[in-house]
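K.L.:
Chain by chain, the residues:
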Amino acid sequence: MVPLLEISKLTKNYRSPGGGLQRVLDVPEFTLEAGRQLALRGVSGTGKTTFLNCIAGISRPDSGVVSINGVNIADISESRRDQLRASNIGYIFQTFNLLQGYTCLDNVLLGMRFGCGADRVFALKLLDRVGLSARLGYWPSQLSVGQQQRVAVARALANRPKLVLADEPTGNLDPKNAAEAVQLIREVCEENEAALLLVSHDQDVLNQFDHCRDLGEINLADQKVVV
Amino acid sequence: MIQDVLNTPLFVLFSGALLLVFLLYLLVQLACNPVVIPTIVLKSLRQHTLSTFITSTSIGLGCGLLMSVWVVNFQSQRAFKNVTGGFDSILGPRGSQLQLVLNSLFHMDSSPGLVNAEDYRIFRQKYKRFYKAAVPIAVGDNYNGYRIVGTTHDLFGVEHSPGQVYGLAAGEFFIQNEKQWNKEAVIGNTVASKLDLQVNSKFQPYHGLNFDPNQEPHKDKYTVTGILKPTGTPADRVIWIPIEGLQQMDGHDIKYSGDVSAILIQMSEDTTARGFGMNSLDSIYNKGTDHLTFVKSTEDVVARLFDQFAWAETILRWVAYLVAVVAAGGVLASIYNSMNERRREFAILRALGAGRNLVFSVIAMESAVIATIGSVIGFVFYALIMIAAETVLRREIGVTLQLDEFHQIMLIAPLGLIVLGAVVGIIPALKAYSTDVAGNLIPQS
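Quick note, the sequences are listed as chains A and B, same order.
Numbering-wise, the first sequence is residues 30 to 256 according to this note's numbering.
Numbering-wise, the second sequence is residues 4 to 448 according to this note's numbering.
Hints may be right or wrong, so weigh each one.
Subject to a maximum C-alpha distance of 35 Å in a straight line, what follows is the list of computed DSBU-like cross-link-like pairs (lysine-lysine) [as the list claims (entries may be wrong)]:
#, chain 1, residue 1, chain 2, residue 2
1, B, 131, B, 197
2, B, 290, A, 191
3, B, 129, B, 290
4, B, 232, B, 222
5, B, 131, B, 258
6, B, 186, B, 258
7, B, 186, B, 135
8, B, 434, A, 38
9, B, 232, B, 135
10, B, 46, A, 191
11, B, 129, B, 46
12, A, 154, B, 46
Rather than coming from a laboratory, the hints here were simulated on the basis of the structure.
In this text the structure is predicted, and so the values were computed from the model without any measurement.
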């Protein structure tokens with residue numbers, strides 16, 4: 030299979046309150062093939078979100094290569110990176126990050142406008158797929174946590190991304206809803222031929238995946254102040 | 004000093020170029036994102052309805068004030084200059100020229116005195132070649148606060164405004180002959196509506212220019228024979244009666260029955276006679292007598308009157324500027340204050356693929372849209388202020404303003420405020436532009 034995501038020698042440091050630099054990411058090599066679904070296990074503070082943010086181009090790595098479909102996101106301008114993100118990456122956040130002033134349908138449509146363009150039919154199809162066809166005009170505050178999660182899933186897939194990143198997508202859900210949500214994310218990604226990279230520390234969630242790796246295996250950062 | 008800098012061609016050119024670049028940038032962004040930017044802007048405005056309304060209203064107040072100060076000033080100056088009633092000059096008793104103009108044409112202020120019958124006769128006979136019309140007026144009485152002015156039929160034949168003579172809305176002009184004993188009156192349109200007088204209504208004048216209800220009226224009863232069409236001049240507030248009717252009114256001293264308060268003069272149409280006449284009369288009366296004043300140009304006196312109040316207009320104008328700037332500052336404060344709560348929104352937008360330029364443009368546009376709404380509201384304030392100003396000016400002076408007349412300030416002020424709105428939006432827009440996406444999405448795990 031063709032590698033969709035290739036990472037090599039990726040490092041990311043944060044400045045600690047004491048003034049020094051703390052390395053949170055040190056990924057020598059990581060590859061994800063198109064259409065594959067991979068779960069990454071990681072406890073809090075191991076750089077899960079930073080790892081996903083670097084892949085999405087939201088955070089800028091200090092060094093290394095993050096290549097999506099052969100394009101190193103460090104080599105392109107910020108506006109092209111924004112476009113690449115909009116068109117190729119769907120991001121499901123732990124806190125869903127729905128826009129409060131937008132209805133369920135508008136949240137999905139707005140995401141589309143930054144990527145391939147608003148496709149109302151596809152948005153409705155996605156929302157129907159995640160079981161929200163009866164809640165199209167609802168505001169996020171009018172939806173349950175589980176329903177908000179489903180909107181986030183639909184929005185992440187709205188631009189027919191090649192890669193879906195899910196950061197602790199079940200962190201705010203009860204076990205039953207969590208299992209359903211992960212099942213839904215996996216199914217919808219599969220249906221849309223999108224690769225899925227999900228990070229979680231919930232063993233029940235991780236057990237649903239055929240491929241699961243420990244973040245510690247790929248992130249060799251020692252969490253120590255190096256400078 | 005500041006004004007000198009602002010007027011520097013280099014400064015004007017530089018700031019103009021910057022402004023143009025900025026506006027072009029916004030237009031390009033809007034053209035590239037014709038749906039996204041308006042969608043986000045409108046959603047945001049709807050989310051912050053109250054602050055949008057308050058900020059827009061304050062912008063509207065500034066805009067309305069700015070436009071109305073300009074238009075009231077422009078129209079009132081023009082109206083006052085037209086209020087000369089078609090008369091170029093005035094001959095009256097010795098005193099202030101301004102008082103003479105106010106009393107004779109604006110029907111305000113007290114009468115400076117009388118022109119005796121002999122002087123009046125001499126003027127009419129001796130200087131006939133200088134004028135086209137010389138209409139005497141006599142004042143000193145009122146009816147319920149509205150001034151009664153004695154005059155002759157000639158007054159109604161003079162164009163009170165370019166191309167316009169007095170016309171009747173009802174009835175006919177008074178009959179000026181001995182038989183009728185001059186107990187007739189033609190009333191201005193405002194008088195008719197305010198005092199509810201109709202043709203054939205009768206009234207008894209009160210002595211003096213100010214109404215005193217405790218005072219006994221004159222015994223003579225006057226009959227309204229006609230109601231004038233509105234002229235938009237102080238004449239609308241006047242009760243016109245034959246001059247003999249005032250001079251010989253019961254209670255008036257017969258000794259002064261030939262005297263007049265002033266002579267309104269329309270100079271000869273012949274340019275040479277006109278110029279020569281004005282200069283000659285100026286020399287004859289202003290330098291050659293000690294008991295008469297010749298107002299050479301009523302327009303000049305009105306212009307001087309406005310010059311005296313130019314400072315007030317300047318202050319009003321600066322107040323209007325200040326209100327507009329403060330209102331624009333209000334837009335800035337309102338949007339800037341909302342930036343903290345909206346950081347996450349911008350971070351989400353950025354995470355979804357919105358570029359920095361788009362986020363920047365959204366905020367600048369939002370600011371411009373608030374200013375646009377404010378400008379629309381400004382027209383409501385403008386209408387209210389104009390109606391109030393028109394009511395006061397018409398009631399107090401008789402001058403009317405044209406509420407539906409277009410003035411260039413009605414384009415410049417709203418457009419200027421919209422641009423100003425977009426410009427003040429730059430500061431919060433820069434904040435949105437520099438929003439740290441990762442830091443504002445969710446806490447790092």
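K.L.:
Each hint should be assessed against the structure and marked as holding or not.
P.N.:
Comparing the hints with the structure gives:
no.	hint	result
1	B:131 to B:197	violated (39 Å)
2	B:290 to A:191	violated (100 Å)
3	B:129 to B:290	holds (17 Å)
4	B:232 to B:222	holds (29 Å)
5	B:131 to B:258	holds (26 Å)
6	B:186 to B:258	holds (20 Å)
7	B:186 to B:135	holds (28 Å)
8	B:434 to A:38	holds (33 Å)
9	B:232 to B:135	holds (25 Å)
10	B:46 to A:191	holds (30 Å)
11	B:129 to B:46	violated (80 Å)
12	A:154 to B:46	holds (24 Å)
Checked against the numbered hints given earlier, the structure breaks hints 1, 2, 11 and satisfies all the rest.
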